[in-house]
Structure formats: structure tokens, C-alpha cells
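Position chains B and C against the provided structure of chain A, taking the given hints into account.
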Amino acid sequence: MEARQRPLLKRRTKEALTCYLFLAPNMALFVTFFLYAIVSAFYNSMTDWDFINPTKNFIGLQNYIELFGDRYFHIAMKNTLWVTAAVPIGLALSLGIALIMNSKLVKFKTLFRTGFYTPVVISMVVWALIWRGIYSIDGLLNEVLAFVGLPVVDWLGNLKFALPAVIAMGTIKGLGYNMVLFLAGLQTIPPHLYEAAEIDGANSWQQFWHVTLPGLQHTTFFISVTAIIGSFQVFDQIYVMTGGGPLGRTEVLVSYLYYKGFLSWEMGYANAIGVVIFMCVLIMTLIQRKLIPSGTEY
Amino acid sequence: MKKHSLALFVVLMVSMLLAASVSAAETAKIRVWIRGVNDVATRMFEEEVIPGFEKLHPGVEVEFRPLTFANNYIEIDTAIAAGNPPDIMTLGRPSALKYADKGVLLDLTEFVKSWDRYDDFYEFTWTDSTDMNGRIVSLPVWLDENAFIYNKRLFEEAGLDPNAPPETWEDLASYAQKMTKYDAQKRVTQAGFKLNWGDWMGLLQSVAPFVWQNGGTFLDEKTWKTATVDQPEFVEGVQFAVDLLNKYKVDNYKPWGEANATQSWIKGQFAMQVNNTGVLRDIYGFAPDRIHEVGVALPPGRKTRATFVGGTDLGVAKASKHPELALEFIKYLYTTDSYLVRLDQEIGWQLSPLKSHKEASVKALPVTEVLYDTLEYGKSFEPIPENMDVRKRTAEAIEETIYGLSTPEQALKQAAKDINKMLQKTDWTKKF
Amino acid sequence: MLTIKQARLLKSIVLHLVLLCVLVVGIYPLLWMFSTAFKPEDSVSLVSIMPTNPTLANIRKVLVDYPFWTFFSNSLMVSLGSTVVAIILGTLGGYALARMRAPGLDVIFMVLLFTLMVPVHVRLIPIFMIMHKMGLGNTLLALTIPHIASPISIFLSRQFFKTIPRDLDEAAIIDGCSWFMIFWRIIMPLSKPMISALFIVKFMGAWNDFIWPLMVTNTVSKYPLTVGLSLLRQQHSMNWGLNMAGASLASIPVIIVFLIFQRYFISGLAMSGMKN
Chain A
141 MEARQRPLLK
151 RRTKEALTCY
161 LFLAPNMALF
171 VTFFLYAIVS
181 AFYNSMTDWD
191 FINPTKNFIG
201 LQNYIELFGD
211 RYFHIAMKNT
221 LWVTAAVPIG
231 LALSLGIALI
241 MNSKLVKFKT
251 LFRTGFYTPV
261 VISMVVWALI
271 WRGIYSIDGL
281 LNEVLAFVGL
291 PVVDWLGNLK
301 FALPAVIAMG
311 TIKGLGYNMV
321 LFLAGLQTIP
331 PHLYEAAEID
341 GANSWQQFWH
351 VTLPGLQHTT
361 FFISVTAIIG
371 SFQVFDQIYV
381 MTGGGPLGRT
391 EVLVSYLYYK
401 GFLSWEMGYA
411 NAIGVVIFMC
421 VLIMTLIQRK
431 LIPSGTEY
Chain B
191 MKKHSLALFV
201 VLMVSMLLAA
211 SVSAAETAKI
221 RVWIRGVNDV
231 ATRMFEEEVI
241 PGFEKLHPGV
251 EVEFRPLTFA
261 NNYIEIDTAI
271 AAGNPPDIMT
281 LGRPSALKYA
291 DKGVLLDLTE
301 FVKSWDRYDD
311 FYEFTWTDST
321 DMNGRIVSLP
331 VWLDENAFIY
341 NKRLFEEAGL
351 DPNAPPETWE
361 DLASYAQKMT
371 KYDAQKRVTQ
381 AGFKLNWGDW
391 MGLLQSVAPF
401 VWQNGGTFLD
411 EKTWKTATVD
421 QPEFVEGVQF
431 AVDLLNKYKV
441 DNYKPWGEAN
451 ATQSWIKGQF
461 AMQVNNTGVL
471 RDIYGFAPDR
481 IHEVGVALPP
491 GRKTRATFVG
501 GTDLGVAKAS
511 KHPELALEFI
521 KYLYTTDSYL
531 VRLDQEIGWQ
541 LSPLKSHKEA
551 SVKALPVTEV
561 LYDTLEYGKS
571 FEPIPENMDV
581 RKRTAEAIEE
591 TIYGLSTPEQ
601 ALKQAAKDIN
611 KMLQKTDWTK
621 KF
Chain C
9 MLTIKQARLL
19 KSIVLHLVLL
29 CVLVVGIYPL
39 LWMFSTAFKP
49 EDSVSLVSIM
59 PTNPTLANIR
69 KVLVDYPFWT
79 FFSNSLMVSL
89 GSTVVAIILG
99 TLGGYALARM
109 RAPGLDVIFM
119 VLLFTLMVPV
129 HVRLIPIFMI
139 MHKMGLGNTL
149 LALTIPHIAS
159 PISIFLSRQF
169 FKTIPRDLDE
179 AAIIDGCSWF
189 MIFWRIIMPL
199 SKPMISALFI
209 VKFMGAWNDF
219 IWPLMVTNTV
229 SKYPLTVGLS
239 LLRQQHSMNW
249 GLNMAGASLA
259 SIPVIIVFLI
269 FQRYFISGLA
279 MSGMKN
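Residue numbers (the working numbering), protein chains in the order written: chain A, 141 to 438; chain B, 191 to 622; chain C, 9 to 284.
Next comes chain A alone, as it looks inside the complex (with noise of 0.2 Å):
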């Protein structure tokens, strides 16, 4: 028996380490970049480290303390907010497209899609420098609206506008990629289930409500979230369209946080805010998992 066990817990020991082995670059890099530069972050954000000079003073809370007096980051919190605020459009809107690029009415599908995507695969900053353009006093938009004989509007300077058109050239560049993700998900769901609602009589509305959307549930989870994480991270069009006015409207967390930390010399408030950057998400994804029961299993 002693004999037979042996090279069994030999195997198995073997086994560990090749699997240590595997797994340690991976490790290493997630030890340094993720878990590393988190505590770090969380240490930063509570001392008034300034990126010029080396020294570090711990000030315990102090910058949260500032922070939650900060005007200038409600702003950036609120507009941050608006355009997580508007990511159920964006997916209402991808959806819709989906459904109809699902249609067996619908020819030229490729060609579709394959327009549809292309913004998606453009640059963020490439994006926004165009839209700078569309949006501009004499661009596209206006001439449009010039044309069928409504007012025009220096969409990026006006205080009500601009925080909308941004969000609004993102949510286009966005709707080609979460078109095909809901695409994929409506062909996974099996055609039995529609032709089973058919029989009972369902109109094609009560479908949606009862076959479609159930079935699109893991889809919803996981474009939800990923555009929701997305949403507090917006920065390149920012920085590209409106460097974050008029009067701070288009202002988001990660602009500040690069103002005050790379311009204004303040690292560890800087720092502060990324940590709150983090709860934000963190708190959004548990509630996304609360609200959308899933099954989705790891």
C-alpha cells in the first residue's frame, strides 16, 4: 500500500508546483499592479504627498475630509453620475438595433454590422476630436439644425448642452459593441421558447417581456456592468472636447483626479479620489449582483 502512495503524493506534489509555476508570473504582476497599487493607493490618498517632493506626511482622513467639502468634486461626482445616469440608454438603444438586425426581414446584416462596429474600433481620442468638429458653432449639427430652420447651439460652450452631447458621442461609439453582444445573446436564445409563446398566444410585445429579456439576462449583467465601470472612468473625451468646461459642466472624477494630481502637485488628494473611483464601482457592480439575480456562475 505504502508503495502505491507514494508516487501518488509525489504526482500531486508535482502537480502543485507546475501549477505555482504557472501561475506565478501572473501572480507576481497581479501582486504589484493590482493589490500592491491599491494599498498603495489607499495609503497615498492619506498622507500630502505632492509628486514634486519625495516626503510623505500621514494625515489620516484629512483629504476625504476635503474632499467631501470639495466643490469642485461634486461637480466632477455629479457629472460622473449623469453619465452613468445615462448608460440605460445607450443599452435601450443597442438593444433595439439588435432586435432589428435579429429581424429575418433584415438583408445586407453584414454590411450593417460591420458600419455599426467600425466607430468601436477608432480611438477614444480619434473619436472625440471629430465630434469636437460636428459639435462646433459652424459644424455639421448646427448646419443641420440651421437647415430645418431651429436655433444653433455651441454645443461644447453651453453650460446645458455640453455635458449631453459628450455623453451623447460616447453613447454612439458605444452602440455597435454592445449591438453585437446583444446580437449574440438573442441567438442563444432557443427559437422552441418563442414558437412555445407563440402557441399560448403571446403578442410579439409580451415575447420580449416574457422570452427575450429572460433570456438576455447573463447579456444585461455583463454589458451593465462593463459600461457601467466604464462610466466613471470616461476621461480621453473629456480631455480632447472640453478640457472639462464650461465652468467645470463636463468636470469628471478622473479629470480631476489628473488636474490635482499632475497639475495641481496634490498626489495624495489625487490618490483620494481614485479611491473613491474604486468604491464607486465596487458598490455599483454588488448592487448590479443584488438586482439582477443571476445564475451567472464562475
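Everything labelled a hint here was simulated from the structure, so no lab data went into it.
Just so you know, not all the hints are guaranteed correct.
[To be verified] Computed far set for chain A versus chain C, every beta-carbon distance over 12 Å: (1) Gly200; (2) Glu206; (3) Asn282; (4) Val288; (5) Pro304; (6) Pro330; (7) Leu333; (8) Ala336; (9) Ala337; (10) Glu338; (11) Ile339; (12) Gly341; (13) Trp349; (14) Asp376.
[Said to hold, decoys possible] DSSO-like cross-link-like pairs, simulated, lysine-lysine; straight-line CA separation at most 30 Å: (15) Lys288(B) - Lys141(C); (16) Lys218(A) - Lys548(B); (17) Lys582(B) - Lys569(B); (18) Lys300(A) - Lys508(B); (19) Lys300(A) - Lys218(A); (20) Lys444(B) - Lys545(B); (21) Lys437(B) - Lys300(A); (22) Lys545(B) - Lys245(B); (23) Lys69(C) - Lys457(B); (24) Lys69(C) - Lys249(A); (25) Lys603(B) - Lys615(B); (26) Lys244(A) - Lys19(C); (27) Lys196(A) - Lys611(B); (28) Lys371(B) - Lys300(A); (29) Lys569(B) - Lys607(B); (30) Lys300(A) - Lys607(B); (31) Lys493(B) - Lys521(B); (32) Lys415(B) - Lys196(A); (33) Lys288(B) - Lys196(A); (34) Lys245(B) - Lys412(B); (35) Lys444(B) - Lys508(B); (36) Lys437(B) - Lys342(B); (37) Lys196(A) - Lys292(B); (38) Lys368(B) - Lys493(B); (39) Lys569(B) - Lys288(B); (40) Lys607(B) - Lys218(A).
Heads up, the beta-carbon is just placed ideally off N, CA and C, and yes, glycines get one too.
Showing chains B and C alone in chain A's frame:
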């Protein structure tokens, strides 16, 4: 055989190491980072200035690096944060004091005071380079002045004398209105007077001259500890700038503006503007056939004339290993006359801070004469490390007024309160 | 009354029109970008997509006066390098998690799930400092390494490998194959679609990244394309022709690659979505 080759190898390595350390001891290296230099200026540094200096100082190696205007601060900041700043670096005139405040810059007072060129600098330049404790922390190298630029052709078209630019606010407002044109959607197609937008700095540089012309200041200029942006002179100046936009409608307000000032001028999209001299240089470069249409004049005034003077300073890093060589290099750059003058022209028709350079400058570029005359009315940033924060908060108040969210009085009163609160927090004496 | 056939036709037309509208909104901006690249500086129209007096001056200026090829090769090296290494490490790790037994794997997997949720921006400043401490500030390596640390590649590989039947590798074990050989000879060849999908996701992520290179690079010679484009914008002024020439040149390679490999783009995307 094997043993021999091993020994040979060891000897070779040791001698190489020795050679390396000896040569390292002999050559001292200084690093010089200069922002905003174009190809011609870069070549001038690499082919003339540096070889010339190295010839005078055998064994010294100068490493030159041109920086872009867009990213020069990040580049310098990260080098400082990494503990490896260049020996000599360019800093924007308003921000040098901020670096000094963080203890990055070498105190140049001794050097400057004992330098025979001290009196050759325009006096006001020293005020801007001196911190609250009376130490000189940077040297002005180029003055970047905002000039009053106008389009003579548009003056003629509007029936105005192209050789009589506006002298007063009233002139400015009425001329501007005469030269403003709109399209069917009420968009301004030809701005009578173009305010220089862009970010908040551009906005301030456009509005601040009106404030100064009216006798206003940002801070109490004796103590530099109290905001005066809520004083009547200041408020009135802001009101006039806002009126140009909202009442006389001589331009559309464009934050984060996207107009190419040079192209706009060439296309005749604005009649008058106060802008930095780089624009002037570009017009001369891009449209040599239209130079006769360019008018350059003293800025208009009210109680006094005034315009904004910024520019570039040189700072020496406290962490420099060879501060004496860095100072030698600076002396060389300033005193070998032709360099600074020629660089001025390449870098954007900026002005030399040395009085003795004026003649050569004007001879090379006659149009700069009026710019030198304007220097007399130049005002700069407040000589405190927080000057950017003071101005940013003020710009916000001005923008609130432009958008009609508040009156200039209210907005500036709140700004003054915030600025005072901020300035109370700082204690200049503790830092050194 | 419409017949059923007519109703279907009408519905079909309406659906096509809706799709066409969406298509125009997505594609017109790109057409405008390409056409503006050919507009001479003094006659840039912010509206039309037909350039009058088309010129190659903008494109020439971007290619000659700006270090475009440096930006391009920086972007290519960083994206390619980080993607390849991330995939090698990620598949190895995913394989270990999916197939092998060792104490503590649960903990490692939990750590992995946690890292998936961490937004990059909380880590930016610490990673910036790590890179500087390692003496890598302002190097292409500093641009590359953070993209290699990629929980998504290890996670997706694990999920995919779990779907590959175990019979195959058990047979191989009996034949005396090492773990690595099973991974290399059996698992990898079966995972080509997953790997191509992963490749595209990672590559695009690195190619389009902006804020990280903006922070960590500070000399023109180290800029990737996204940051390099900002050099075309001068202070307070905007030369649309020049900017759009740069934007077009930066986008054309991506669009071409997309058009050729779009099958992989789209199936890969669907897969990364489904597996969650």
C-alpha cells in the same frame, strides 16, 4: 592557454572600467532643457551655442533637449519627482515661483547681484522672479508680450482710419461694433474685437488688461495677501470685457476655442485682437503678401494703458551636481549677444529681457519696436506661488458673468472671499 | 387594408431606414475625418465631406514634419508586445486554474475575480510610481508592462479551457505527457478562436489607451499615436486639416485590420461577453 585568455579578459575589463571612471571624472555633464524651440532654434543650440560653450570649457559636456510647449511641465515635473531634474530648465514666468516654493530651484540672488548684467535687465522682470523672501529664483530669458493686432483692410472697409487704432475703451467698443458681421443664424462671422479664448488662461489674458487699464489689481500689491478682485476698478474692467461680448456682441464666446488665430486673421475673421506675438510671427510667415494689412499698436487704455507680459524663465536645479557650470552656461547664453536676439525671433518674436538687446532686435525685425514700447505698460503675474490658483478662481468668476449666472459684483465678491481663504492658509515664512 | 405581404414589405423598409439612419450617424464622422484630411488649410469646411481643391499637404506635413512613424512604431511595439506576453502568461495561468490541483487555488481565483473589478484609475498613480522606482519612467517598457498584468486573459482562458473535455488530457497523462506538453499540444490548438479573440481585445485596448501613456511618457520619441496626435493641436488653435490627417493616418491601420479580421473581432467579442 585558457588561463591566459582569462587573465587577459580580466585585465581588459579592469582597464576598461578604469578608463570609464577616469573619463567620467574628467567630463562634467550638464543637462539643459528648453521649451518651445522650433527646428531652427534647436539647430542653433546644437550647432552653435553648445559647441561654442564646450570649446570655452574643455571637458564639459552639455546635453540639450528641446521640449514642446504642450508637455514641458509634465516632463520637468516627472524628472524632478524622480530626483533627476535637468541642471537648467525653462519655466513659465508665472510658475517659476511655485517650483521655488517647493524647494526645487537654486537661489540665484548672489549670482545675479554680482553679475555685471544685473542692471541691463528691465527692472520689472526682477520683481516677477523674486520670491516673498527677497530671493531671486529664476532668470527671465524671453518676454512674451501680448500685442494689440488689427487688420487695416477691415478698418478701411468700415470707413475707419487704418492708421488710427483705438486709444480708449469707447473707441474700441464703437470700432468693434462697426466691424462685426453676422450670418443668418446670428453667428459672428467677422469679430470686431476677438477675445483670446481657449482655456481659462486665455480668457484671463484677454480680460486682465481691461482691469489693469482701469487701475485694478488681482491682489493688494503691498502685502500680496489680500484679494482685490472685488474692488470697483476690477469689477468695472470685467464688466467692460463682458459687455463687449454680451452687450455689443462683437464676438461669440468660445471656451476651449478651436480657432486658429493665424488662419482667422488671414481669412479676415476678426478685426482687432490682443494676442501674443507668436501669432504675429505666424502671419508674417504664412501670408507674406498680406503684411501691409497688419497693424500693431499700443493697447488701448482708460486710466492707463496696460497689457499682459509673460514669457519664459531659466531656473537652475538645486539638485544640480555642477551649479557653477550651469551658471557659466547661462552667462554665456546671455552675453554672447547674437544668440538671445536670434533665438527670440525663432521662438516667436519674443522680446529679450536685456535692454542692450533692443537695438539689435529692432534692427532685425522693425515691427518689434512697437512691442518694446509696449513693454512699459506690461503687467505680469503676482509674485507668489499661488498666483495660478488666484487667477483660476478669478477666471471662473468672469466666466460665470459671461454666462449670465451672476453679476460681476457678486461673482467677484465670492471669488475674493475664496482667494482670501486660500491665501490665509499659506505661511511663506515657514518654507525655507 | 394592406395585405400581409405588403405589411411585411413596409415593415422591412422601415427597419432598413432605421438601420440606415444609425449607420449614417456612425459612419459620417469617419468620412468627414478622411475628407478633411485632404482639405487645404484655408478652406476647411466643418460640414461637407467633399473637399474642394483636395491637397496632400496635410498628410505630407504629418508624415514629414511630425515624427509620425515613431508614434506608429511605438504604438505597434507596445500593443503587440503586451498582447503576446499577456496571452502567453494568461493562457498558462488559465490552464493551471482550469486543469490542475493545488492547495490555495480557490484563494487565487478569488483574488483574480477581485482584480477584474478594480478600475484602472485607482491604480494609475501607484503604477506610475512603481515604474519610476524601477527606473522605467518614460520608456516603452513602462507603457507595455501594465497591459501585461491582465486578469481578463487568465480569466477568459480558464473559462474556455473548462469547456474542453478532460478525456483528451487524461489520455495524454497516461501516455506520460508533461503538463506543459498537454497545454501546448492539446489545449492550445483547440483554443485558437479564443486566443484570436483575446488577441484582438487586448491589442485594441493597448492601441487605443490614452491616459496611461499621457502620464508616463514625456518625450516625443516615446509617445504612442494617441498622445502623439495631441502635438498637432497647438495652444489655443486648431488646424482641422492637419488634425484630421493625423487622425486618419492613425485610424486607417486599425480599420483595415478590422475589415480583414472582423469575423474574429465580432465572434471574439461575443465570446468574451458570453463567458461571463
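For each hint, the structure was consulted:
1. Gly200: At roughly 19 Å from the nearest Cβ of chain C, Gly200(A) sits farther out than 12 Å, so the non-interface label holds.
2. Glu206: holds (17 Å)
3. Asn282: violated (9 Å)
4. Val288: With a cut-off of 12 Å, Val288(A) remains clear of chain C, as the shortest Cβ separation is near 14 Å.
5. Pro304: Pro304(A) clear of chain C: closest Cβ-Cβ about 15 Å, beyond 12 Å.
6. Pro330: Non-interface label stands for Pro330(A): nearest chain C Cβ at 15 Å, farther than 12 Å.
7. Leu333: Holds: least Cβ distance 18 Å, greater than 12 Å.
8. Ala336: Its Cβ never comes within 12 Å of chain C, the nearest being 23 Å, so this holds.
9. Ala337: Check passes; 20 Å lies beyond 12 Å.
10. Glu338: Check passes; 16 Å lies beyond 12 Å.
11. Ile339: At about 20 Å from chain C, Ile339(A) clears the 12 Å cut-off, so the statement holds.
12. Gly341: holds (19 Å)
13. Trp349: holds (20 Å)
14. Asp376: violated (5 Å)
15. Lys288(B) - Lys141(C): holds (25 Å)
16. Lys218(A) - Lys548(B): violated (53 Å)
17. Lys582(B) - Lys569(B): Given that 30 Å is the threshold and the Cα spacing comes to 17 Å, the pair holds.
18. Lys300(A) - Lys508(B): violated (48 Å)
19. Lys300(A) - Lys218(A): Holds, because 14 Å separates the two Cα atoms, which is no more than 30 Å.
20. Lys444(B) - Lys545(B): violated (38 Å)
21. Lys437(B) - Lys300(A): Judged against 30 Å, a Cα distance of about 22 Å means the pair holds.
22. Lys545(B) - Lys245(B): Holds, at about 28 Å.
23. Lys69(C) - Lys457(B): Distance of about 21 Å is within 30 Å: holds.
24. Lys69(C) - Lys249(A): Violated, because 39 Å separates the two Cα atoms, which is more than 30 Å.
25. Lys603(B) - Lys615(B): With a Cα-Cα distance of about 19 Å, the restraint between Lys603(B) and Lys615(B) holds, given a limit of 30 Å.
26. Lys244(A) - Lys19(C): Distance of about 11 Å is within 30 Å: holds.
27. Lys196(A) - Lys611(B): holds (24 Å)
28. Lys371(B) - Lys300(A): This hinted pair holds, its Cα atoms lying about 27 Å apart.
29. Lys569(B) - Lys607(B): holds (24 Å)
30. Lys300(A) - Lys607(B): holds (27 Å)
31. Lys493(B) - Lys521(B): This hinted pair is violated, its Cα atoms lying about 39 Å apart.
32. Lys415(B) - Lys196(A): Status holds; Cα separation ~27 Å.
33. Lys288(B) - Lys196(A): Distance of about 19 Å is within 30 Å: holds.
34. Lys245(B) - Lys412(B): Cα-Cα ~47 Å, so violated.
35. Lys444(B) - Lys508(B): Status violated; Cα separation ~41 Å.
36. Lys437(B) - Lys342(B): holds (25 Å)
37. Lys196(A) - Lys292(B): Given pair Lys196(A), Lys292(B) holds - Cα atoms ~13 Å apart, limit 30 Å.
38. Lys368(B) - Lys493(B): holds (24 Å)
39. Lys569(B) - Lys288(B): Judged against 30 Å, a Cα distance of about 19 Å means the pair holds.
40. Lys607(B) - Lys218(A): holds (24 Å)
The structure shown violates the earlier hints numbered 3, 14, 16, 18, 20, 24, 31, 34, 35.
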